[in-house]
Structures are given as C-alpha cells and as structure tokens.
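Asker: Protein chains in written order, with the numbering used here: chain A, 1 to 1000; chain B, 1 to 91.
Hints were generated in silico from the structure; no laboratory data involved.
Some hints could be false.
[Unchecked claim] Footprint (simulated), chain B over chain A, 3 or more residues, beta carbon under 8 Å: (1) 747 to 759; (2) 886 to 894.
[Claimed, not checked] Chain B regions said to be covered by chain A (calculated; three or more residues, Cβ under 8 Å): (3) 3 to 11; (4) 31 to 38; (5) 48 to 54.
Glycine included, C-beta positions come from ideal geometry on N, C-alpha and C.
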Amino acid sequence: MTKYRINKTRFVDQTKTVSFTFDGKKYHGFEGDTLASALLSNGIHLIGRSFKYHRPRGIMSCGSEEPNAICQINDNTDLTEPNVRATEIELYEGLKASSQNCWPSLNFDIGGINNLISPFIPAGFYYKTFMWPKSFWKKIYEPLIRMSAGLGKSPTQPDPEIYDHKHEHCDVLVIGGGISGIISAKIAAKNNLKTILIEDKNILGGSTIYQNNKNFVIDGQKSNEWLMNEISELQKLDNLTIKTRTSLAAFHSYNYLLAKENISDHLPLDKKNGSIRQRLWKIRADKVIVGAGAIERPLIFNNNDRPGIILAHSVKKYLDFYGVSSGLNNIIFTNNDSAYETAVSLFEKGISVKIVDIRKKSSSNIVKNAEDLGIKIYWNSTVVNTFGYKKIKSIEIMNLSEDGSNVTGNKHKIQCDCLSISGGWTPMVHMHTQSGGKLDFREIDQVFVPTEKSENHINVGSCNGDFELEEIVKNTNYKVKKFLNINEGGFDKISVLCSKESEKKNIWLLPNTISESKTKSFIDFQNDSTAKDIKLALREGFKSIEHVKRYTTTGMATDQGKLSNMHALGIIADTAGVKMGTLGTTTFRPPFTPLTFGAIVGRNVGKFFDIVRKTSIHEWHVQNNAKFENVGQWKRPWYYPINNENLHEAVQRESKAARDSAGILDASTLGKIDIQGSDASEFLNRVYTNAWSKLGIGKCRYGLMLNEDGMVYDDGVTTRLGENHYLMTTTTGGAANVLSKLEDYLQTEWPELDVYLTSVTDHYSTASICGPNSKKILNKLFPNKDFSDEAFPHMSYQDAIIDKIECRIMRISFTGELSYEINVESKYGKSLWENCIAAGEEYKITPYGTETMHLLRAEKGFIIVGQDTDGTMTPIDLQMDWIVSKKKYDFIGKRSLYRSDTMREDRKQLVGLLTDDPNEILEEGAQIVSELDKKPVEMIGHVTSSYFSPNLNKSIALAVVKGGKKMNGQKLFVPMENKNINVTVSDFIFFDKENKRINA
Amino acid sequence: MFVINCPYCGERDQSEFSCGGEAHIVRPKQPTELSDDEWAEYLFMRKNIKGVQFERWNHAHGCRKWFNMVRDTSNDKIHAVYKMGEKPPVI
C-alpha cells in the first residue's frame, strides 16, 4: 500500500491490483478505484493545465461535476477519447490516460506564459483584440486561435465500438440511487409498480453509503450500515430493475427520458470481446421520481485553483469509500457543517486536520464532535491566499470583519498539503427544469429549489433542497406515498437522528486585502473565468446572466458550470445590488453530462445511416457495371460505362443508341398510386390541371399537379384501367408527398368523394423500352399481340402475358421515341428485364441510366419537376398553358394562377438556350445576364438543365429567364469565373418538333 | 417528445405523427369568386399562438388518418383530440 492508501473499505478490493499508466508512467491501484482515486493514492494531484492560463490543476471532486481532472484516454489509438473525467473512469488493467492542454509536458508547459500575461487577457479579450487589422484574421489570428483552442485531441479514426439504442416503458422511473432514490424505488416496487432505478455510479448508495459518523443514525444503526441493508433488500424485489453505470442524459416532456448506460467502459480492452460499449435507453415512464442529489460548492478566494484544493465531501469519499487520503496535513475551509464530517473522519484515522470556518460559531452535534476531538478550528476566518505551484504548500488566513465584507487583523500562514473546501450545496435541479419545471430561490440556503407543479414527476432528497438526513428520509417517504397514491410506505415509523445545521453564512466572493483585479479567484475552473472577469462584464454593461455567461464563458466548458454557475449569479447579484432570486438562472439544457456521438447515433451508422431502396432489377445493374445515383432513397442506375468510359462518353453512346435503335430503362422507381372508387375521375379532375372525365378506359394521359399556391408540384402519366380504376404515376422523389397530399384533400376537404388510394410503388417493376426498334422487340416478347398503331396507339395501355406472367403495357414516352413501358409484379421484374435484354440483343438494345434519360427528355423540352422547376414556377411560366383547363370550375391551385403576382409577364419563364459555340456546355445553375456592363450586374435567370446532344451534335440547355417567353432569338450572356459565354434564347423543343418519332 | 392519443389507434409517440398546421381553415367552395386578398387570406395567413392552438395532425406512420388536436404550444399540453368533421371542443 502507498502511504496515501490508509484505509480499508468494502468498496475497493485491495487484494486485486490493477496497473495503469498516466502520461506514460506506470502506477498501481485496486479494483474498485477510479482513475482519480488511484492517482491520489499515488500522491498525484497534478492532472492537467487549465484552458486559458495553463495553470497547473488537480483533482477537485469525485464525480461528474469535475472541471479540472480531465484526461485523454488511450491516446494514439482508434479508441481514444478526449476530455474524460478522471473522477468517473473506473480503473481497469492497462488503462492509458494522459494529461491535456499542455506542451511539451504537464510539468513544463510553454502555455504557462499565459498565466504571467493574464492581466492583458481579460474576459472578452478575443472579441476586442482580433478585430483589426482585418487582413490578419485569415492568416494569423484564426490559425493561432485554432491551435490553442480545445482541450483534448479529437479521434482521427472511425470509432470501432458498437453503440445501441433501446426503448423501455415503466410505471415509475427513479433517477439516482442515493438514499432518497432507494427509499422511493422500494416504496414503488413494493406496491406492484414496474419500477426502474438508474444510478450513474457502479454502486448504489450515493453519499450516505460512506456516511459513517455516529451523529447520523437510522433505526439505531449508522446511516451507512442501515442503507447497506436497504440495498440488499432492494435487490430482492421482483418488479424493480436496477441499472447502474447509467446516467440520465435528458428529461423531455411527457416523461420521455434518455439515459446512457455504460456497458463495457470499465473493462480492460482485451476483455471487451466485441461487447456493446454504451446503450442509450429511451424511457417512457408514467411517473418519474428525481433523486439527483446535490453538488458541493467551492469557495471563491484568491488562488483557489491549486492542485491539492479539493471539495471537502470529495475528500471524505476518497477517504471512506476508496480508502485514500488526499493529504496527510489537511486544512478544511468551510462555511457549513457538512465539512466537519470530513474533518472527524480524517482525525479518526489519525490524519492531521485543521478547520477554517467563515462562521462565528456553530453548535451542532457534528461541530461539537470535532471540538471534543480537539480539532483546531479558526472561527470567523477566511483564506486570503494559497501557495505552492504544482501542489498546495500553505495558505494565509485572516479574520473577517463584523459584516463579512472585509478582512481584519493579521495574516496567519498555515502549512498544508491538501485544502478541502466547502461552500455549501447546490441541488441538482437540471432534470426538473429540463422537463419544464420552474425554480424558487430559497434565501436561507442560497439555493434554487424546484417549484412542485407537475403531476407526473417529483423531486426528492437533496435535489429538492432537503439537506438534513431526517428531512431526506421522512420527506421522501411522505412525498412518494402521496405522489404514487400509496397508503403504506414501509418507512412510516422510521427513526432518524442527525446533526442539524443551525448557523448558516454564505459569502459568494470572499474578501481580501488586495483588490480583486489583482487576485485570481476562479469561478469557472475549466474555462478559467474569475470573479474579476464577471465584474468586468458588469462594468462593461452586460446585465443579463445569459450575456455575462457568454461574454466571460462562465459555465460554458464541458462541465457546463456545475460548480460555477451559482457563484457567477451570486457575484452578479452582490455587485449589482439585486436579489439573487430575481436574476433567474441560465437555461439547463440536455445532456446533463457529455454524451458520446456513438451513443446518440446508435446503430444508425454506415449502411444503416439511411434507408436504401433498390428495384428488383438492381442486381442486374450491378452485374452490368452500372454507376448509381441516389434519387430520394432509391439507388437508380446513372449510366453504364463500358470499358473505361467516363460519364460523358457513356451518356453520348447511350443517348445515340436509344434514338438510333433501342434503349431500355429501369423505371420501377416512379411513384405509383392505385386510385379506385366511383368518384375517381372527379377526384383526378380536382387534383390535376387538365380534364379527366372523358379519358377512355385503356387510355393514358399526362397530368400536371399544382400546389394550392399555383406552383407546379408533381407530374406523371395516369392510366385509366377501368371505369372506376386509375393508376397514377408520380416523380420518383415526390411519390410519398403526393400520396400524403392526396390523402389530405380526400380526408379533410372532400370527404364526400368515394375514392381509395393505395401506394403500389414497390409492387410493380417497370422496364421502359424506347427507340425505333422498340416495336420489333415488343413483337418478339409478345408474339400474339398486335402492336400496330391502330391496335395499340400512343398513350394507351393493354394487358399481356409473358411466361405466364401478367403484364401491363403502357405505350407512353418520356424520350420522344416510340416507347413502351412494361409493368410486372416486382418479384418478376428481373426476369422480365432479362427477357427484354435477350429479345433486344439483335437490335443492340442499350441499357441507359438517369443521365441519358435526362438528356433525351431535354432534347424534347420535357421538364423534370424539381430540376427545371423549384416551387416558384407555374404551368404558365413553363409555357404549358395547354395543360391548364379553362373549362374546369376548380382544381388545386387554379385560383392562384389568376393572382396579380402569378400573372406578371416578367416572371421567370422556361426557355431554350443555345450557346454560340456549339461545343460549349453550360453549367447547370449558372446565372444569366442581359447586360454585362451594367453595375450591379442584374441576374435575370439561370440554367436549369444542360447537355451536349449527340443527336443534334450541339450543346443544348433549358433555362428560366425573366420575361423569357418574348425573348426568342435574343442574345444573352452566362458569365463564368474566367469568361462570358454568349448564348441565344431559343425554343425549348430542340429535337423532332413535329413529334413524328413517337409513331415512327 | 409528447404522446398523442390518435382517435383511431390510441396513444402513440409523437414521432409517428406529422403536424399539418392550423386547423379549421376551410377551402373556399368558390375560389374564383374571391378577390386576391381573400384568396391570400386563405392561402397564406396562419396563426402562430403561444398558448392554446387548434391544429391538424396526421398519423403518418400509423393509420394515416388526419385529425384535429388542441395543444398548448407553450407547454405541449394536449387538451383534446377529435376526428375530422367533428365540432371543436370549447377550451
């Protein structure tokens, strides 16, 4: 045992040695230690350098509130993690930890110079200094700031660990496994309520589990012994689930909570065996009982940040839980009774301890206990300075004036190797406020406590402001019974004896002989903001706590100000002369402690990041070297390169083949909606701009759908399969939204219509064959069918059979070529496709992808909704007046086409663009101007689609241009980075204007 | 994340639903008779109340039915849920 491991406890197994390294040096601890307790047992206090001034910093606490002792774990591996609190890491064999924010080493840190120049870098220094000269920003200031910013190092490798999500439901969720949580969970579970108790440590019991003072007795036993028995009772309850190593991350409305369970972080790397690292629980609880506890406050005095200055209660935990003494010559500096428990415990183990108390006296049992033991107490005194660079060596104390606003008398120096500080307790109200709860300020304890309003959650124990053991036990029993509507709690006749604090005194910023501008009284230890910074912010006019916080960065570090926020508020209140309760608090946002990104995303990584939809023909595309394009969630073949063709080369070849002989496209992804009902025709009349009543059975029609604002929303061909039966197709990306929109109108505006909608997108696969030889291929596929123009005209549909498979064949065209779309049930899609390829072989049928499809339709001037339109284009803007029925009384969007704005003649309108140089291809999205010399340059439109057409042997483009309808033949310019491209406005139908090829 | 009591399916997580904005805005029966201002009133103008608001909701990842809901936007308390076509409750 090391000289600091002075005590044997039941929580640390001193028969099991664990070795670990810190900054490359090997040390030993025991099973049950945290990294912090193991380091302290080796006499190590110095853990890292502070963020701004690079001051040496040590372990300050024993929990998630830790601001200083943050480490890099497993540096230089793919498992590395920065900013991990040493106080929370359970020690395991082979753990590698290193200090952060220091260079070249922890003991000698160049950045320490910031401490010397600190008078010149006060709060807001960055805002004030890096403003000028402007040219310095990019090359000098930004790189400099980036270099010094941040604490640990981000991992550079992908995280190899597995994270998980799980949903859970329960009657009662108890947050916190301290004494109040244990009482609550027992009452709930014993009354047949499905209960979950979560605790962020690996052992239940909170701080009472090591409260071994004779002044705290429950039912005749010391409080820790009593609680130990309760915990073993608890573990026998059937309907109680206890989740340790599980911390609450967020408490949302309607009792929806997120909790992170650490599953394998405490295991040696070689024992993890591919286990899940962390699991995020998504819990919906009928009732929530919060027993989150309280956090001890530091005291604010000059140089209060040295290694060896530790919160008093943490010193007690290290001593009585881990068996480690933080120092051998202790001073306790306090404003309340709770620190006396630490003093008595140290003394009883034979360790030197003295007490400095800002109060004039206290007559409680625990203080009397300390006095009886002969512990030296300096009443009415304060620490005015501390000494020791890398570890505290001594302190100076002075007496306080009558009102506590000043110091009097002589300085008195005392030697020490550890200073325990206690400024009282702050209830953890984070959970309560996250769920929407409000807070009251309780003057006597200087704390914010929850205002009880919610029917669905309560706060018990010290997070509710109950600090005395008797209050905690009795109030918890009473409140939980009432909350859960239970008559018998099982704790009704309990007897609790405890020391009660009678004298209370709090000074947020302790006085000193020197002005605070010359002191370093740290408030936020991690972000290095001092009392001086807060006062500077107030002098500079910041009044709101939210502004002071951001200006000074108080409470904005990884610990989110768990130790600092109250002091910042207190100092603001005192300086501004207002009541603290009126200031309010900053907002407590989730998560309560940092969450790993892994826990947030869970299994939704890699190929599970988003849903991928594949057509039934997908495998064939892969085998035939298709490059894919994402269209919504669909993977669509983009182009099929042969040998080393690039996109352009492949598309030129595919486009030519489709017009010269035959091409085949997988059109399965188009949205398909089956529409049935006696009012189906009327329904289509109302949702499309054109008329549908007279469409014959077996005929197809192109439809354009608008939003109610008159803008083009979607388009597609709809086929009348029967008297009351239609099959609508939509754009690939728009399918889901179109169905939702149609359902919305049917259910809310037109419930009188007899219409039923079913999405059948995934039910059918579609092979679209186009080109002059397509009819011959169809003839081969369906030898018994008559494909003559008379028997099977353009824009019609027929049923057919191929290999006993029923097909729907639509003769429709998106390329301008003679074209057939064959639909089969999805499971037959690949077989149909392979049949088509085989039948088309003698005509060199060429599979083409979306890029060629886009090129072919652009040659014909067919729009793509979402590419040539952007939610601001009416059918009139698109020069599609022909499809807007003048006869129909109403359809979605009709009225909007007659608004003064939609009728403006200078709206952006669809035009064709031809480049003067036929080989120059415009960039899609490029801006269009009419006058180059005019400043500022007026942009009158932009290019929406642009291709080199192999069939026309020139570049073509679609564009939207203000007033474009009347500009045919006009010269315009497309200015690019290093040249202006001359273009001429043209008709947007470039190819086969007479539409002869459709019947070729 | 709140829990919504779908009038067709019962209580489900909010993530199954989508909000369709203000409720009880009826599409005019004769849009062509309306002035630009009247049409714009229907088309664009929506209330955004801090407090009790009548909203349309859709059980998008469930029965896909639209229904109405009375929700306090300041604390997400749901006062009532009722089917399309039913009379709004007095809150």
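Asker: Each hint should be assessed against the structure and marked as holding or not.
Answerer: Cross-check of the supplied hints:
no.: 1; hint: 747 to 759; result: holds (count 4)
no.: 2; hint: 886 to 894; result: holds (count 3)
no.: 3; hint: 3 to 11; result: violated (count 1)
no.: 4; hint: 31 to 38; result: holds (count 4)
no.: 5; hint: 48 to 54; result: violated (count 0)
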